[in-house]
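Colleague: Each chain, written out:
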Amino acid sequence: MLAGMTLLTVVSCSNPWDDHSANSDENIEQTLGDRLTNDSQTTEFGKLLEETGYDRILSGSKTYTVWPPTNEALASVPQEALSDMKSKKLFVQNHITLTAFSSVSEQDTVTVQMLSNKYLEFKNGAVIFDANVITTDQYASNGLYHVIDKALVPQQNVWEYLKSNAGNKMSSYLLSLDEFNIYQSDSTAKVRAKSEPGLYADSLSNSYLKNVLNLNNEKNKYTFFLLEDDGYDAEVEKLKPYLIKSNEDSTTTYTSYFTARDYVFHKAIARENLPDTLESRFGVKVPIDTDNIVEEVHLSNGVVYVMSTLDVPLETRLLTTQIEGEDPEGFSHGDKRGNTYYREKEDLNGILFYDIMVQNHGEPEFAIYYNTRDLYSTTYEVYWRAINDIQENTFEQRLRFGGTFDLEGEVVDPIATLDYTDVGPDVYDEIFIGEFTLEESGDLDLISLIAANTGSNGDNTLTLDYLKLVPVIK
Amino acid sequence: MFKILQLTGLFCILLIGSAGSNLYAQNVSDSTSINSQSNKGIEVKGLIKSAKTSEGISGINISVKDFSAAISEDDGNFSINVPHLNVLLTVSGEGYQTKVFPLNNRESGIEICLFEENYSQFYQTATLPGKEQLQYTTPNAVKVTNLEEDQWGNPVNQSIAPFLQGRMAGLNSVRNSGVPGAGAYLTIRGFNSLYATNKPLIVVDGMVYDEEDYGSGILQYNSSSPLSMIDVKDIEDITVLKDGSSLYGTKGGNGVIIITTTRPVELSTKIDFTMYGGINEDPQQLPLLNAAQHRIYLSQLLATRGDSQEQIANMPWMNDSRLGESFYQYHNNTDWQDQVFKSSTNQNYYLKVRGGDDIAKFGLSVGYLNSEGVIGDSGLKRYNTRLNAALRLSEKLLVNTNLSFIYNEENQYNQGLAYKTSPMYLALTKSPFTHTNAINSSGQVSPNLSDVDIFNIGNPIAIIENGIGINKNYRFSGNLNFKYSFSDSFTANLIGGLTYNKERERFFIPDFGIADITLPTAIANNRSGSETQRYYSLFTDAYLNYSKSSLDYKHNFDVRLGLRTQTNESESDLGLGFNSATDDFTTVGSGSNLLRIVGGAIGEWKWINGYLSAEYNYLNKYYLTLNSAYDGSSRFGEKIGFSGLGSLSGAWLLSSEDFMKDASNIDLFKLRASIGVSGNDDIGNYTAQQLYVSQNLLGLQGLVRDNIGNPELKWEDVIKYNLGIDIALFNERLNATFDVYQNKTTDMITYASTNSISGFDYVVSNSGSMITHGYDFGVNGRLLNTADISFDLGVNIARYKNEIRSIPDDRILTEFGGATYITQEGQDANLFYGHQAKGVYSTTAEADAAGLLRRMENGSLMPFGGGDIIFEDLNGDKIIDENDRKVIGNPNPDFTGSFSAKFSYKRLSISGLFNFSVGNDLYNGVRRNLEQMSGYENQSYAVKNRWVAEGQQTSIPKATWGDPLGNASFSSRWIEDGSYLRLKTLVVSYDVDVDLNHIKYMKLYASGNNLFTLTDYLGYDPEFSATSSIFGQGADLGLMPQFMTIQLGLRLGL
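Protein sequences, first through last, are from chains A and B. Using the numbering used here, read the first sequence as starting at 1 and increasing by one per residue. Using the numbering used here, read the second sequence as starting at 10001 and increasing by one per residue.
Accuracy of the hints is not assured; some may be wrong.
Computed beta-carbon distance windows for the label pairs [as the list claims (entries may be wrong)]: (1) B:Thr10518 - A:Asp347: 41 to 51 angstroms; (2) B:Gly10306 - A:Ser24: 31 to 41 angstroms; (3) B:Leu10519 - A:Asn38: 34 to 44 angstroms.
Chain A regions said to be covered by chain B (calculated; three or more residues, Cβ under 8 angstroms) [to be verified]: (4) 57–64; (5) 86–100; (6) 103–117; (7) 140–150; (8) 303–314.
Don't read these hints as lab results, they were simulated from the structure. All of these numbers come straight from a predicted model, not from anything done at the bench. For each residue, glycine too, the CB sits at the ideal point set by N, CA and C.
Working from the sequences, and respecting the hints, build out all of it.
Modeller: Structure follows, in structure tokens:
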């Protein structure tokens, strides 16, 4: 009996889980790293993995998909793509992605973020970027791989292209914005970019990348027009009178910025799809003449068109500034919140508008303060839309541009003070108020909307839907 | 009405009592003839031998009941006068099993072999209602187990119900779980009812012993088992009535288990002291993914959720830079099962004193038991005491008392489907790369525990250390048994007893470390609850007994007439609290006033049972027993009167016939047959009545009708047929019993669905029927039998097969723990019902070719793809939906049974009990959670073989977030063969030869429990029962597995 029980004990040690979890499939026992180095089609790529240390990463505990090139494909890769360890690593990274991508997918095109941070398109499970998949869906314990017939050499992005083209005047200017701050806030952003490398660091490191578009971003696609030096200079010169600063250097720098900021657009637009006019993100309409394209460069995050000239007329270049009445910066008296109404109303045509109205505040010359940025050094025509829809009587109000506060809190040295203008009941039109001229371009920190000089309520009401400052071409 | 009944009952007793005294007067002449020990009759001669040594034994008592007696001489020879040559000689002697021997027309040359005590079951005394009867003479399927032999080596954590497992063919015991103090799902010969209980009636010392748990189970998936409170060492014997239980009327339908505790019979003082100590092994772990494998799994799974590569890469657990804020939090390799399970200890001290004098005899026992669980502080502490006394108040009046008090203190944790609070479930599913303790960004491990992790999975250690789950309960059970003897043949008995049971449960789930739950109006962070249960029962049994033999001792009668009453009250009150201010406030009262929930239940029911039993035998060869009962119950509908139930059984002792007298190898050959009707009154205390319940509608309270009352609701009838053979061969070296039976249930309680216009879902009525048939087989053989060595082998096999004959609706579909069961006419009740899985699509092309679609919950269709499960499309409509389900398994076993072996050499003995179950299917709900691959939970080791790429051949489908195609839905994937063979107990005992004045004997025990289990089942344990309903058997919800214990014990006789 004892012998019998011993036998049973031995038998009992065979755990039923051994059967249940048993696996005749060798592939699933090996890691991607092992499989790639052992696959006869990809031995060379396997060697590269070992050299760069990526065999260990591919043996780790994350799921990866690899598109290894065949040995032949790897042999035809240009030397410079594998010149040093850094480029070898980048090369390898450009074949590996996190998570599993099967050759069968519900979408015909899948955008895949490679470890190189480049985005490649995997189409129908058969093509990735410009390579064809030869062997699909080889699996391992931590992911799968598809063998391809052409190596995926990593490409530059737009910003990297500009960096490598520093001879160009426009690119060298853009690169100089690493140091120079167009706006004051850029400096803190650049400090942050250095101290906190991470999610937004690359977009903060340069005033152009921060304020216009982040050309370093692989996730988006961009169309960038790079002007050759002559064409670039012509455009800058044209704009200079409107961006006069205290000295010539500043004038040139800012003019260059306001010129270059209108030459980049979201999405990669193929040459054949280029429209005759593109609108920049600042609202400037840029006429495109494809005849002026000198070179077309396809990059990982978009396309760069090198242009001989790209002439943007001043009429479209100079932008009208609109200031919304309901976005004030401050008030002359801080205790009138009870009299201040941020209104959401319909005009006579039933169109919605938002405005501000300050009523029954009892203060003579009560003022609402506004400010605005990036004004040109030119004369501005001033329009407003001020709606007096709840009072029977007409009241008056006026505008004052510029000035600073003295010790008593009075505004002194204004650039211009316009005359009182009547605000009649139920006038919904935009009305011309007057003009003022700026000698220097830049921000205007104080624009005051001033009530009538009376304490009697009903006469000292203020109202404003918006102000419009239209630059006049010199 | 019941008052009146009781009065009439009492009146009847008085009436019959006076009639009895008349009878007594007539009997005087008979008794004198017996007392004279006349030399009338025939002298027979024979030899008493020891079966082991084959030598004659002296000093053995040989008697003929009510007639004569003799003592064997030095060489074992004896002679005795008998009234006729068909009498039974009763042979008894110290150290030997008392047996009866049929003369069978022999006058001389009689050889009677005596075995040691408790050897043959045919000479065991069954404690039948009101009397004791040798199994040899009973015409019913009765099995007796005497516990003397096994009780002292019984493992500490094994109460009676699990103890009985495998010891009696036909009594199936499935232990609820491995939680210390857990009871068992007990059935005799399968089941007889769908909605009423299938538990046999339990009678302890003549009194019905209530085995219900009246609580609502606030400690989830833990239940109380009052039966487990009785100390195995307090029990003398257990008798199981498989048929002929009609005497218990509408409570006997499922058979009866009769337990007799310590009998105070000793005149000299005997003291037994025992102490045990042992270790509980933590259960064998289920193989799971390790930290690295789990991360690979997660990174694949999240992609199927639609997370971008960047989102996945930015998950804190995907960051492999040590500089990262949470690197150390998510780069561990924690074996959570190892953290949660631990080995523990158990101990038990027990003292039993028996003694007394001619007037008063007593048996007193006290015990302390501490049985720790294998998780945290779980465990059971028990303090028990019992006083059984027999008082001879006068020559005629005897009083037996049985008083017991048991106090239990149990620490328990939620188990089963308590996904957020069961430490076992959390141990299986919590990610191995998390840590038990908080870790800061530089990798320093805090002594504080970690909170809920990023996957919203709690920390099992937080429950173990800071959670509370206490069940304190006690039961007083006592009865007085008066026996007045009018004469030797005529007695009156009155048993009066009461049971009082109280249970207090309390739990607290802390906020810290445990995931929140959502209540209808709030999010609950910490949770508390407390519940009190009370059960009170008054029981009486009054009966008259008259037994007589005819003048020539050929006709023997035994008649009994009695009346039982039982009055029961139960109550449970519970409160649940949520969101106390901090985890330091652990009571319900400190929870939010707005969220507190109170509730409870009450029950009150009465039972009265008049019964008559008449037994007759002729020449000790032909036996006939008639039992009948007449029951009333408060549970029956108002149009239902008393039930009349009865049974008739007969036996024929072929071996006592003349033609068998020379068949010397056949010691016993008995044929038995019985037919009877018993009842099952577990139809609900108030189901027959119309009820109103309070309901809240938009803040208005009101009363609404709760049910459709059924004034004709009655008990279920169980019609039982039994045919049996008892056989003893080769000088009783081989003893076997075989029974075939059929139980037909009619008037079975069913829940028929009603027209929705009625406003009710169902109506309860007696409108079903089913049949259960099968056989029990038990054989015991003594293979070696010498003076020093004996070796016994035994086998028990039982089988039942069930078939639904009629139910009101086409079929009944029930859900339990994620499994679906079907019950329909012509099939077994309670079969697993789901989709048939036939592997995994290797490629999307293969799946497209098959063209199967899955019906989503919103009605839309979704195609199966590569890596999805191939479900069988039964109706061929290419859509996999609920119409494609079929029977995929049967939780009922083909066979259950046991092997037992006992080997003795001089003072050493080794006994082992294997029990087995063959052919039962189990639903492995634990594995379903571990292989459904649809969420953050850690998965089983087999999941590493999951489908990941086109063309891969595997049996494990792909991981998809949320499992939209139902790859893990209830299907044949989760149905497993639950057959097992288990070495349930192995006891080695040694009787130390002591030569001391104060110590009479000293025995050493080494016992092992659950030493190994041979099974293909992939769960922790193939034996479990999460519910007392049949709808739910075989569903593995992840209850605490039974674990291995090894203990050493010492028993001293003082």
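Colleague: So which of the earlier hints does this model not fit?
Modeller: Per hint list: 3 and 8 violated.
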